[in-house]
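Chains A and B supply the protein sequences, listed in that same order. Using the working numbering, the first residue of the first sequence is number 1, and each one after it goes up by one. Using the working numbering, the first residue of the second sequence is number 1001, and each one after it goes up by one.
These are calculated hints, taken from the structure and not from any lab test. In this text the structure is predicted, and so the values were computed from the model without any measurement. Please note that a few of the clues may not be correct.
In silico DSBU-like cross-links for lysine-lysine, where the CA-CA straight-line distance does not exceed 35 angstroms [as the list claims (entries may be wrong)]: (1) B/K1100 <-> A/K57; (2) A/K42 <-> B/K1100; (3) B/K1100 <-> B/K1005; (4) B/K1056 <-> B/K1100.
Residues from chain A that keep clear of chain B, each with C-beta distances beyond 10 angstroms, as calculated [unchecked claim]: (5) V19; (6) S27; (7) N52; (8) D63; (9) Q64; (10) E68; (11) R69; (12) P70; (13) T76; (14) I79; (15) E85; (16) D86; (17) V115.
Quick reminder that beta carbons are idealized off the backbone N, C-alpha and C, glycines included.
Chain by chain, the residues run as shown.
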Amino acid sequence: EPEVTQTPSHQVTQMGQEVILRCVPISNHLYFYWYRQILGQKVEFLVSFYNNEISEKSEIFDDQFSVERPDGSNFTLKIRSTKLEDSAMYFCASTGGVPANYGYTFGSGTRLTVV
Amino acid sequence: DQQVKQNSPSLSVQEGRISILNCDYTNSMFDYFLWYKKYPAEGPTFLISISSIKDKNEDGRFTVFLNKSAKHLSLHIVPSQPGDSAVYFCAALVKTSYDKVIFGPGTSLSVIP
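Only chain B is shown next, with the shape it has when bound in the complex (with noise of 0.2 angstroms):
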């Protein structure tokens, strides 16, 4: 069942460039999409998200771009800073009573110094 996608396992980028995290679903009826970040050792932390009614939404370095017709979102960190390097889970939820989120498979960050 691979309602949300990440087709990427890993990004390498230089301090200081932009970060592109990139997620497809399938599942048309998904409401909000959500961004998570993970360190080793510790549960995810939410970042960022997006209601399906929009098209960006932007916190500090943080920027989600939704594309609904393509089924397609990204996520922008600039500029991009070696803490950042860990793993992003695209996330989406239909808006149920209980917001069962379902989370892509991720993405490893490396920020290089």
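If we strip away everything but chain A, and leave its shape as in the complex, we get (with noise of 0.2 angstroms):
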């Protein structure tokens, strides 16, 4: 069954420090997501990719997020100067159709830990 893989799957850095979190969404989807899950808390959207562009974003998503799609595969989360608020769970998830019938593939998440 088609995978999404996020790696790291953890990934320990400084406080300031920009990190690029990787995703390979599945290859004939055309829907990207980026989540996040802080411990003991729920689920949060961050940011939604289509058409090569951001679809929409929630309020976390500040400058210091960006998301990329730089070569056709890979998806990528960067974060430019990482706060100790931003350690998390990150998942990566895609879709190629509506997410209604047949919900995202989320891939496993990176474990995200600025110290």
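Could you use the hints to bring the two separately framed chains together as a complex?
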């Protein structure tokens, strides 16, 4: 069964450093997403991406965040200057059709720890 | 912003019995509701969805019921199996072009053998 692949599985970084979280969505999918889950809290929408541009973003997704699909297969989330409160599980997701019928396919997540 | 609520953080059920997970929402504009299951160290997995124009959808052991007037939905799992032990997220979306899904806080289900 096709998978969404995320790397690394765990990243530790110092506060103020830049991090790039990488995702390889399912190859024929058209819509891409980043979500995050702070420990003990709910899964929160960050951004959606379609047709090579951001289609929607939440208030969490401020100027420190950016997304890119540089080569048609990878989908990256960059945090320019990490803060302690950015520590969370970050989930990439993709869908080829209507999420209402098929849901998203999520990756296994990257645990980001900012120290 | 608590548009999707799951008021029970945890639930324990005996194997073979019915598990009922509840969810309430506040936004009457939601078009679809979804249930996801999540194991530790894995991403959420889509289980089942229901359109706001329906009141029931069934898929094997999983049935979702929607009561629009009460803004309430529930997921029934019958019979419950130990492998069903996971965190269950209720989620909802407004059918815009990009389908942003809003998740509830989750309910941790333990199925006891």
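Each hint, compared with the structure:
1. B/K1100 <-> A/K57: Roughly 9 angstroms between the alpha carbons, so the hint for B/K1100 and A/K57 holds.
2. A/K42 <-> B/K1100: Since the Cα atoms of A/K42 and B/K1100 sit roughly 15 angstroms apart, the hinted pair holds (cutoff 35 angstroms).
3. B/K1100 <-> B/K1005: 17 angstroms, holds
4. B/K1056 <-> B/K1100: 23 angstroms, holds
5. V19: 19 angstroms, holds
6. S27: 18 angstroms, holds
7. N52: Non-interface label stands for A/N52: nearest chain B Cβ at 14 angstroms, farther than 10 angstroms.
8. D63: 20 angstroms, holds
9. Q64: 20 angstroms, holds
10. E68: 17 angstroms, holds
11. R69: Nearest chain B Cβ is 15 angstroms from A/R69, so the label holds.
12. P70: Answer for A/P70: holds, closest chain B Cβ roughly 21 angstroms.
13. T76: Fine: 17 angstroms to the nearest Cβ keeps A/T76 off the interface.
14. I79: Check passes; 19 angstroms lies beyond 10 angstroms.
15. E85: 17 angstroms, holds
16. D86: Nearest chain B Cβ is 19 angstroms from A/D86, so the label holds.
17. V115: At about 21 angstroms from chain B, A/V115 clears the 10 angstroms cut-off, so the statement holds.
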